[in-house]
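Numbered according to our numbering, the sequence shown spans residues 22 to 322.
Rather than coming from a laboratory, the hints here were simulated on the basis of the structure.
The reader is advised that the hints may include incorrect statements.
[Claimed, not checked] Simulated restraints on C-beta separations: (1) E60 with D305: 24 to 34 Å; (2) T209 with D59: 29 to 39 Å; (3) H124 with D161: 18 to 28 Å; (4) P151 with D211: 34 to 44 Å; (5) R184 with R301: 36 to 46 Å.
Model, not experiment: these values are computed from the prediction.
From the three backbone atoms N, C-alpha and C, an ideal C-beta is built for every residue, glycine too.
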Amino acid sequence: MDGIETRQARHGDRDAVVDFAADTWPELGGDYIPRVFDEWVDTDGPDQRTFVACVDDRPVGVCQGAVLSGHEAWGQGMRVAPEVRGEGVSEALTEALFAWAAHRATVCRTMVFAWNDAGLGQARAMGFEPVTAFRWLEPDPDPDATAALAVRRDPAVAWSAFRGSDAAGHLHGLALDLEESWALAALTVDRLAAAPAAVALSDDDRLRAMTYRTRTFERQADDGDEEAWAEYGVGAWTDHGALRALSSVVARDAARAGADRARILAPATPRHVSDAAYARVPYDDDADVILERDLTADADR
């Protein structure tokens, strides 16, 4: 399509964006973009930029970029009006994102639901390469849960447990960022030290598991009521017994944080998923795919 222009989003774009983004996934209860668009515009700055693509100055697409660290950027919220899909709008937005991010980071990552064939295909077409996939484990909060392993509340020990785990390899060293919801970044000791809670589990011989809480948040349940969630940025464990103990630690921590529900990011591998089944830890049916794009060439353009 000729005449596509990209620019930074403005409050005046809200009605047009809501019009094409409100029902992106009606089977999932709609889209979050209408709820956060004004906040995105308000909080744009050196490390965040919300873009719109326009045809005749009418917004027909939106996305956002965020800087997570000195070398990592994140792309999210790509939405395109149905009547112009397949006509170059997402490509224009993605190129604008890359051009902006390349002067702030060396890699840009994004997340696509595994069932979103169109989204995955478009991400690959724009140069994103798949690096990992994860699923959510969802233990029930329980203030009286007890773990069969020793609990060590030391971020450095938790980081050692992560780095020594197969989860670190499967997840490409990534885990949930503390500031940007749903975004994954390289897990560091500093991130663990800044987390509301970081723990490692051990027996007499070795470290067996680790996790950290990223945030608590409210989300509407299927019945319309609000539920409080506690979210944990990654789960790493040696075997199903260690996962069972880790699940107990999370269940207790989540309950003490006032959460009704809890979720732990975990690698979407046969071993990790079957461990969850063996340990009787509930898990989400769907996987999420993380892809990344090297930005070093873009910085020279």
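Status of each hint after checking the structure:
1. Between E60 and D305 the CB atoms are about 26 Å apart, so this pair conforms to the stated range of 24 to 34 Å.
2. Between T209 and D59 the C-beta distance comes to about 32 Å, which sits within the given range of 29 to 39 Å.
3. In this structure, H124 and D161 break the distance hint of 18 to 28 Å, their C-beta atoms being roughly 45 Å apart.
4. For the pair P151 and D211, the supplied restraint of 34 to 44 Å is violated, since their beta-carbon distance comes to about 27 Å.
5. For R184 and R301, the Cβ-Cβ distance of about 28 Å falls outside the hinted range of 36 to 46 Å, so the restraint is violated.
The earlier numbered hints that this structure contradicts are 3, 4, 5.
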